[in-house]
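Which chain is which? The protein sequence lines are A and B, in order.
The numbering of the first sequence is the numbering used here, which starts it at 15 and goes up by one.
The numbering of the second sequence is the numbering used here, which starts it at 15 and goes up by one.
Derived by calculation from the structure, the hints in this document are not laboratory data.
Among the hints, erroneous ones may be present.
As the list claims (entries may be wrong) - Facing chain B, a subset of chain A residues (Cβ under 7 Å, in silico): (1) Val57; (2) Val164; (3) Asn165; (4) Thr173; (5) Ala176; (6) His181; (7) Asp185; (8) Cys194; (9) Gly196; (10) Arg298.
Stated by the list, open to error - On the chain B side, residues computed to face chain A include the following (Cβ under 10 Å): (11) Gly160; (12) Gly195; (13) Lys303.
Said to hold, decoys possible - Label pairs and their calculated CB-CB ranges: (14) B:Asp41 - A:Asn188: 52 to 58 Å; (15) B:Lys65 - A:Ile140: 48 to 54 Å; (16) A:Ile140 - B:Gly193: 57 to 63 Å.
Don't be surprised by glycine CBs; every beta carbon is placed ideally from N, CA and C.
Protein chains: 2
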Amino acid sequence: MKYYFGIDIGGTEIKFGFFDETKRLIDTFKILTPTENIREELVNSIFLKVKERLEKEKLTLDSLYGIGLTIPGPVNSAGIIIFCANLNVGYDFDIVTAIKEKFNKPTLKVVVGNDANLAAYGEYKILARSNLSNLVFITLGTGVGGGVIVNKKLVTGFTGSAGEIGHMPYDLNNNRKCGCGGIGCVETIAGTAGMIQTANDLMKKEKSIMKDKTLTPKVIFDSAKEGDLVALKVVDSVSQAIGYMAATIATIVDPEVFIIGGGVAQAGQFLLSKINYHYQQVARFETTKARFELAKLGNDAGFYGAFYLLLED
Amino acid sequence: MKYYFGIDIGGTEIKFGFFDETKRLIDTFKILTPTENIREELVNSIFLKVKERLEKEKLTLDSLYGIGLTIPGPVNSAGIIIFCANLNVGYDFDIVTAIKEKFNKPTLKVVVGNDANLAAYGEYKILARSNLSNLVFITLGTGVGGGVIVNKKLVTGFTGSAGEIGHMPYDLNNNRKCGCGGIGCVETIAGTAGMIQTANDLMKKEKSIMKDKTLTPKVIFDSAKEGDLVALKVVDSVSQAIGYMAATIATIVDPEVFIIGGGVAQAGQFLLSKINYHYQQVARFETTKARFELAKLGNDAGFYGAFYLLLED
Chain A
15 MKYYFGIDIG GTEIKFGFFD ETKRLIDTFK ILTPTENIRE ELVNSIFLKV
65 KERLEKEKLT LDSLYGIGLT IPGPVNSAGI IIFCANLNVG YDFDIVTAIK
115 EKFNKPTLKV VVGNDANLAA YGEYKILARS NLSNLVFITL GTGVGGGVIV
165 NKKLVTGFTG SAGEIGHMPY DLNNNRKCGC GGIGCVETIA GTAGMIQTAN
215 DLMKKEKSIM KDKTLTPKVI FDSAKEGDLV ALKVVDSVSQ AIGYMAATIA
265 TIVDPEVFII GGGVAQAGQF LLSKINYHYQ QVARFETTKA RFELAKLGND
315 AGFYGAFYLL LED
Chain B
15 MKYYFGIDIG GTEIKFGFFD ETKRLIDTFK ILTPTENIRE ELVNSIFLKV
65 KERLEKEKLT LDSLYGIGLT IPGPVNSAGI IIFCANLNVG YDFDIVTAIK
115 EKFNKPTLKV VVGNDANLAA YGEYKILARS NLSNLVFITL GTGVGGGVIV
165 NKKLVTGFTG SAGEIGHMPY DLNNNRKCGC GGIGCVETIA GTAGMIQTAN
215 DLMKKEKSIM KDKTLTPKVI FDSAKEGDLV ALKVVDSVSQ AIGYMAATIA
265 TIVDPEVFII GGGVAQAGQF LLSKINYHYQ QVARFETTKA RFELAKLGND
315 AGFYGAFYLL LED
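Could you build the full structure based on these sequences and the hints that come with them?
What follows is the structure, encoded as structure tokens:
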């Protein structure tokens with residue numbers, strides 16, 4: 015039997031998915047992301063954890079056929095992490111070669127990709143509808159990210175920036191500076207910081223049950239569900255931005271399904287129906303037929319995608 | 015030797031490209047698009063012209079292996095023309111089956127696609143850089159259209175609307191109604207009618223050498239090159255819309271090259287450099303590395319793309 019690991023490297027923790035060749039998820043576990051000597055310690059801790067987990071099954075590195083990795087930032091077409099704001103590994107880190115050398119196994123297959131891209135691929139593979147060719151995954155959390163599946167393949171792009179849909183220009187006049195350096199990206203409205211800013215701006219003039227609360231997306235969505243007008247306006251601005259973004263995406267790649275994931279997606283059908291409403295206002299031609307669905311894999315999507323990427327040619 | 019036809023069906027004329035299996039373009043010619051009994055006459059005239067051209071080479075239908083067609087509208091994934099505003103063939107026209115039946119040759123390969131999509135594919139194939147995987151073609155003419163190549167494959171999408179980039183929402187407050195039914199599409203600014211509207215609006219308040227001329231994109235671009243301020247503002251609004259559109263596309267599929275084609279692209283480097291200027295203002299991350307190039311094939315791109323689509327699996 016051949017064994018594989020899908021490993022989702024985040025800024026805070028590293029999640030492991032341990033799979034066999036039948037695509038069965040044997041186990042999942044996580045460790046904290048190292049905070050010092052990150053390049054070296056990242057590779058070391060992955061090596062030790064993988065070896066330890068194999069030994070628990072009385073397996074050696076001989077049975078290990080592949081390691082798929084996700085990175086919280088763009089990865090170029092050669093698998094190099096040019097720079098990663100959320101993982102302090104410096105410039106031009108060739109993590110694939112570093113892992114291969116550590117395991118000292120030239121036949122080991124090692125692949126790497128962007129976390130949101132691979133979460134998209136994981137969701138796509140788990141949906142497992144064989145005739146589904148085009149899907150876009152939208153992750154709503156601290157930031158707004160995503161991944162694009164076209165003709166059944168993950169799209170990574172020329173510079174590894176495919177699926178950076180949260181940085182689509184949206185309201186160039188809102189003067190909100192985005193983490194990416196741009197102004198008026200979708201994320202400045204629909205990311206966590208953007209939502210809180212909108213709520214605070216509105217509460218300067220309007221009453222709200224959120225007035226003395228520490229604002230989080232959950233507080234905002236819960237308040238909206240209770241009918242708070244400020245919260246409802248925030249949710250509407252988020253849904254409008256995401257609906258517009260999805261309609262824009264549809265004019266380019268025309269997906270069959272949009273999958274909504276990330277922490278904010280816990281707002282569920284309430285959010286989905288509002289996004290779909292705004293999507294229908296702007297969507298062109300037959301792209302109104304696209305469907306919105308909630309993600310299935312939660313925080314496991316990344317390592318699933320990394321694993322399935324390993325199984326590609 | 016095997017022979018093929020790439021056939022670009024437009025609202026006014028039908029262009030034929032006659033190819034052999036070595037990918038050599040043997041001949042090109044055109045006829046007028048029928049205006050009555052269009053379904054039947056379209057199939058008839060294609061049949062007669064193809065047969066006639068083969069006979070001129072002393073060839074029979076036995077040597078004919080494939081016919082690739084372009085349509086000036088969306089084609090769904092089953093090859094059906096659901097509706098085409100620019101070609102009055104009614105609803106749900108299965109042109110592939112109609113052509114096959116007319117030629118009475120079950121082994122004949124017939125494929126069909128959207129004209130701008132296939133022009134994109136033609137340009138991509140003729141660029142012939144084997145390591146080029148991701149390209150977006152932008153056609154500027156009466157309308158603004160395009161095609162998307164991702165992972166070396168043409169993207170057509172779930173409903174055949176992929177590459178309808180001119181209908182990306184751009185300025186939802188401009189109140190300009192688009193031919194697609196939407197408001198504020200890129201095309202309402204960067205299409206021919208949009209350009210003329212912008213020029214007329216400006217000339218109500220400002221002097222211009224275009225005052226008594228019949229406005230066309232050529233008149234506008236020529237006047238801009240002569241330094242006319244109104245014309246320069248129009249060109250700037252067009253370039254800004256296209257630059258914004260390209261930067262948006264880059265956050266989704268991150269292409270290496272944008273190819274600019276269509277009649278308006280005859281403005282050449284003058285237009286390209288302005289588009290690139292605006293692109294650089296809005297492009298995120300490493301997508302600033304994408305290049306803008308002028309199309310090479312002119313009006314032949316469509317039939318080239320239809321021919322190359324035939325050679326795909």
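Results for each hint:
| no. | hint | result |
| --- | --- | --- |
| 1 | Val57 | 25 Å, violated |
| 2 | Val164 | 5 Å, holds |
| 3 | Asn165 | 5 Å, holds |
| 4 | Thr173 | 4 Å, holds |
| 5 | Ala176 | 4 Å, holds |
| 6 | His181 | 4 Å, holds |
| 7 | Asp185 | 10 Å, violated |
| 8 | Cys194 | 5 Å, holds |
| 9 | Gly196 | 5 Å, holds |
| 10 | Arg298 | 4 Å, holds |
| 11 | Gly160 | 8 Å, holds |
| 12 | Gly195 | 8 Å, holds |
| 13 | Lys303 | 6 Å, holds |
| 14 | B:Asp41 - A:Asn188: 52 to 58 Å | 56 Å, holds |
| 15 | B:Lys65 - A:Ile140: 48 to 54 Å | 51 Å, holds |
| 16 | A:Ile140 - B:Gly193: 57 to 63 Å | 40 Å, violated |
Of the hints listed earlier, those the structure fails to meet are numbers 1, 7 and 16, in rising order.
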